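Chains L and H, in that order, are what the protein sequence lines are.
If you count the first sequence from 1, you need to add 32 to reach the working numbering.
If you count the second sequence from 1, you need to add 1 to reach the working numbering.
Hints were generated in silico from the structure; no laboratory data involved.
Check before you lean on any hint, since a few could be wrong.
[To be verified] Keeping only pairs whose Cα atoms sit at most 20 Å apart, straight-line, the calculated EDC-like set for lysine to aspartate or glutamate is:
(1) Lys224(H) with Glu45(L)
(2) Lys39(L) with Glu315(H)
(3) Lys39(L) with Glu86(L)
(4) Lys136(H) with Asp155(H)
(5) Lys39(L) with Asp155(H)
(6) Lys39(L) with Asp313(H)
(7) Lys39(L) with Glu270(H)
(8) Lys318(H) with Glu112(L)
If you're wondering where the values come from, they're calculated on a predicted model, not measured in any experiment.
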Amino acid sequence: MGDRLTKLAISDEGFIFDPETGNSYTTNPTGLLILRMLKEGKGEEEIVKALTEEFGAEEEEARRDLYDFLEQLRAYGLVEGV
Amino acid sequence: MIRVAVSGINAVDNPGPGVGIAKGIRESGLEVEIYGLAYDSMDPGIYMKWLFSRSFIIPYPSEGEEVFLQRLLYIKHNYGLDVLVSALDAELPLLIKAADRLQTYGIRTFLPTYEQFKLRAKDRLPEVAERIGVKVPETRVVSSYEELVKATNDLGFPVMVKGIFYKAKRAYNVGEATAHFNEIVSEWGYPVIVQKVVQGEEMNVVGLGDGEGGHYGLVAIKKLWITSLGKIWTGVTVHNENLLKATERFVGEFKWRGGFEFECIVSGEDIYLIEINPRFPAWVYFSAGVGVNLPARLLKAALGLDVERDWDYEAGKLYVRYTDDLVADMAMFQSIVLKGEV
């Protein structure tokens, strides 16, 4: 996981500030959970499991959401090739 | 009581840095009286009595050194004057040249050297960038329409068309590039700089060099919102290690003395140097607001006092500029028009 992600300031309300670029973002509770787990260095399976438990999603749907979200993070340059 | 004169008090839509500098100096903890130096009787700072206890109209630097210095000596003789903080590029060559004379008159400054001042010319940026290990956008220096067209062919669109000191406009085709070229030539003359547009985050650093390779603090920001004139309206502090290290290399390599603004585009790991301003920018109060009071530190450096060097500011602090208005008596306007002071 990139150094960039570990530096992000993430608030409980889902507001994210990147101190290196000055960019800020907002995300929903699903994105917030994923970001926090990525920051803690958690892997795909752990995150998918947490998503199904926390939000009652099917595993396949949770995995698809995770992939979509990672794609967005990559587009913003916040993660590199996870 | 320390008496300080500050120029650039034109807090208009293209604001000078004087009002921000005065705000910082007011928070210095020193016992100060601040005078505003204005070129126009409508400069808003004249009417901000809570910042500038007195204001004076000063002659344009183009009228010559003697006239300019006589005006400063008039102020010194009648009201006392210990330090002059210059905030405008147009004054700097004159003041840099006259700094020793001013010092003998008891008026202190803290200015860059003339050699340092000359680094602000955009055709000098590639040399500066090379010496401090950063990049510059691919650049052509042009002085004719034929050279302009060749430059745009080489670089591809979009390009930035810039005056050597002022103005920068983006062009997406030859028609736009030609229009910008003509406008810049008519206002600022030749040569004109044509630059490839670099994608990335526009970030700026304000700093104060000690003249020996070190500095009294740096604050890096990203502009979030700019006006149609390209002036910052809102911004946010950032901690970008690469950018701050590049700025420290700049200060170290050129032994920069005085205030400066280091403008860059940050693209991943790459830093592209866009502009160096040899004085504080108009948003310099942001530094004071985040605990690195650079105007106050410059005043202390000019006075030869001990100057703080800590610059541990927080990333994510917001700068918000706003419009305001005030009401003044006609007597003030009358005094500045008729007597040149109020």
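For each hint, the structure was consulted:
no.: 1; hint: Lys224(H) with Glu45(L); in the structure: violated, 24 Å
no.: 2; hint: Lys39(L) with Glu315(H); in the structure: holds, 13 Å
no.: 3; hint: Lys39(L) with Glu86(L); in the structure: violated, 25 Å
no.: 4; hint: Lys136(H) with Asp155(H); in the structure: holds, 18 Å
no.: 5; hint: Lys39(L) with Asp155(H); in the structure: violated, 39 Å
no.: 6; hint: Lys39(L) with Asp313(H); in the structure: holds, 16 Å
no.: 7; hint: Lys39(L) with Glu270(H); in the structure: holds, 16 Å
no.: 8; hint: Lys318(H) with Glu112(L); in the structure: violated, 27 Å
Of the hints listed earlier, those the structure fails to meet are numbers 1, 3, 5 and 8, in rising order.
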